[in-house]
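There are 2 protein chains.
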Amino acid sequence: MTGPYLAGVDIGGTKITVSLANIEGISVKIYQGIRLEGSNTTIPEQVDLLLGYACDHIGVRADEIMAVGVSSCGPFVKENDELIIAAPNLCGGLAIDRGIIPNDWTRIPLESVLSRRWGRMTIENDGVAAIMAERLFGAGRGEDDVVYVTWSTGIGSGAYVDGRLIHGKNGNAPHIGHIYLAEDGPPCGCGNFGDMESLVSGVAIARDFGSVRSAEEVFAAYRGGDGKAEEIINRAVINFARGLASINAVLDTSVFLIGGSVFINNIDILLPGIEAEFYRSFPLLSEDVDIRPCALGAFLGDMAAFSLVMPDEWIKKWQDNRPWEHAPPAVILEK
Amino acid sequence: MTGPYLAGVDIGGTKITVSLANIEGISVKIYQGIRLEGSNTTIPEQVDLLLGYACDHIGVRADEIMAVGVSSCGPFVKENDELIIAAPNLCGGLAIDRGIIPNDWTRIPLESVLSRRWGRMTIENDGVAAIMAERLFGAGRGEDDVVYVTWSTGIGSGAYVDGRLIHGKNGNAPHIGHIYLAEDGPPCGCGNFGDMESLVSGVAIARDFGSVRSAEEVFAAYRGGDGKAEEIINRAVINFARGLASINAVLDTSVFLIGGSVFINNIDILLPGIEAEFYRSFPLLSEDVDIRPCALGAFLGDMAAFSLVMPDEWIKKWQDNRPWEHAPPAVILEK
Chain A
69 MTGPYLAGVD
79 IGGTKITVSL
89 ANIEGISVKI
99 YQGIRLEGSN
109 TTIPEQVDLL
119 LGYACDHIGV
129 RADEIMAVGV
139 SSCGPFVKEN
149 DELIIAAPNL
159 CGGLAIDRGI
169 IPNDWTRIPL
179 ESVLSRRWGR
189 MTIENDGVAA
199 IMAERLFGAG
209 RGEDDVVYVT
219 WSTGIGSGAY
229 VDGRLIHGKN
239 GNAPHIGHIY
249 LAEDGPPCGC
259 GNFGDMESLV
269 SGVAIARDFG
279 SVRSAEEVFA
289 AYRGGDGKAE
299 EIINRAVINF
309 ARGLASINAV
319 LDTSVFLIGG
329 SVFINNIDIL
339 LPGIEAEFYR
349 SFPLLSEDVD
359 IRPCALGAFL
369 GDMAAFSLVM
379 PDEWIKKWQD
389 NRPWEHAPPA
399 VILEK
Chain B
69 MTGPYLAGVD
79 IGGTKITVSL
89 ANIEGISVKI
99 YQGIRLEGSN
109 TTIPEQVDLL
119 LGYACDHIGV
129 RADEIMAVGV
139 SSCGPFVKEN
149 DELIIAAPNL
159 CGGLAIDRGI
169 IPNDWTRIPL
179 ESVLSRRWGR
189 MTIENDGVAA
199 IMAERLFGAG
209 RGEDDVVYVT
219 WSTGIGSGAY
229 VDGRLIHGKN
239 GNAPHIGHIY
249 LAEDGPPCGC
259 GNFGDMESLV
269 SGVAIARDFG
279 SVRSAEEVFA
289 AYRGGDGKAE
299 EIINRAVINF
309 ARGLASINAV
319 LDTSVFLIGG
329 SVFINNIDIL
339 LPGIEAEFYR
349 SFPLLSEDVD
359 IRPCALGAFL
369 GDMAAFSLVM
379 PDEWIKKWQD
389 NRPWEHAPPA
399 VILEK
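First to last, the sequence lines map onto chains A and B.
Per my numbering, the first sequence starts with residue 69, numbered consecutively.
Per my numbering, the second sequence starts with residue 69, numbered consecutively.
Source of the hints: derived by calculation from the structure; they are not laboratory data.
On a predicted model such as this, the values are computed, not experimentally measured, just so you know.
Heads up, some of the hints might be wrong.
Since the list gives no way to pick out one identical chain from another, each pair is judged satisfied if it fits inside one copy or across any two copies.
[Said to hold, decoys possible] When the alpha-carbon atoms are kept at most 20 angstroms apart in a straight line, the in silico EDC-like pairs for lysine to aspartate or glutamate are as follows: (1) K296 - D336; (2) K296 - E285; (3) K237 - D336; (4) K146 - E355.
Between the sequences and the hints, there should be enough to build the whole structure, so can you do that?
The following block contains the structure:
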């Protein structure tokens, strides 16, 4: 395969993936656990190394990469016109009362570090990048009013309103994990009490059950007939649906696209309850809204990053040929 | 004064006002209690009569009105590309479990009735129209990310995101009165339980206190040292602020403009508490948001309606001369 190439970087709470693609499809995908110790340039330097590694892997030079799309967990702040990551999931200095993140960072200067070696770059909230990808290549094609929500370890989102992506002043719209849903609710890593993430995230489900490592174990207990697991998951379903209804009251959307491991692995349990509760809310606002699973599945993170910088002629070709379905397996690097 | 003229129509839950203006300023303002009995064309016909009355009052013909801006309580639905009012505050057939509205309407076909006699017309949710007016002439000038919230008998809103007004698929964005804030909350007229309107509206404050006709009496009791009034108002303040934080999590705004009779008449009691609770929410999202009272005061409804249809050369002149401050007193018609 020949260039030019695009790079896609997906920064999550636990891992970084870096992929390279040319117009024919994805050439290489590198996966590595995220490094959370050291100075606050650790993550930008890890991304830089992974980009270099990916280039070496397929024998291209850094200057053959025409653009880098970075999809990252947020929120962001702007300082001197530079986009800086200020995510409580990565920055120990922001994760109030949790103490599980082994650093004291409050800011991660991604753009300034990466721009030393890499040219054109677009950085977006992972929810925003995901809705771009699902609208171009997945379950949101042709929709002018469409909201993506990921139900995973945390809650993320992105939205088109009136055919346009919404950003807000610092690119943090919509950050729906932090809408309030309960007057007296549990604490969220962000400092809120009773927000959507504190009530329904994978972390919240595991916390409420106790003595498990992840929400998946609670779903396993539910499937085994455990009453406590059923109660916890039912409450999460109701609050998730009420969260969707709140977002819909603000954005008047047509379609919700739901992704994330908690949802995708348990659609059979979750979707019927979400629909039942959602359509119980103010009928005039809810009745003609469609709730759909995302379509890009395991490719969503890579496609989200590529979508940020993909030229129109690539988009057309990728929509026709769906090359992500034939991507090579990820190369997993030790952390 | 000579034409051409614009008409501004403001349809609220209890009254209709119709105003006419030329480039120099507001020529006449007519005010009448809203008619809620009869067929579902009662309100459109009342608006039509008031427009005719206003024209007669200053001696202009219907065809000298170059455009009509209509600011109305919502929400709206679209049927056959026509915007139709479907507001629980006006349509008895939609006001679930309330029975206080003396009709069984579910739809009010405003556009089709008015278009028989009046030419170019723009109909918008009153919150959307209000934010246009405040951004052109009031406290939101020059802001790209700005949200208007009215705290009155109900809760209304309008928003610019990234410098653009958001509408959503049926023009109902943002309808923030119907975001959820409590897991087990009181009923709202829309059918929700625990949404913002059910917890903080003027109606909710009066309901929680009991044996009063309006929220103003509860504020009077608060000022007189009544402990129950203080408790009710403090809870409303906290929920109002948490509602703002939720909207901010979705829209990542720069400025909230707060209006409405409950707020404007009691800024001294309400604003300090709203600010204290708002800035307690996720600091990265809340810390650089400004909360301001609206600036157009008693003129906001008229200016909202005019803003929907005002030509650019009028806007410039009105920004310089502020002619609304010299509008003639309203002519009040018996219902």
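Unsatisfied constraints (hint numbers, rising): 3
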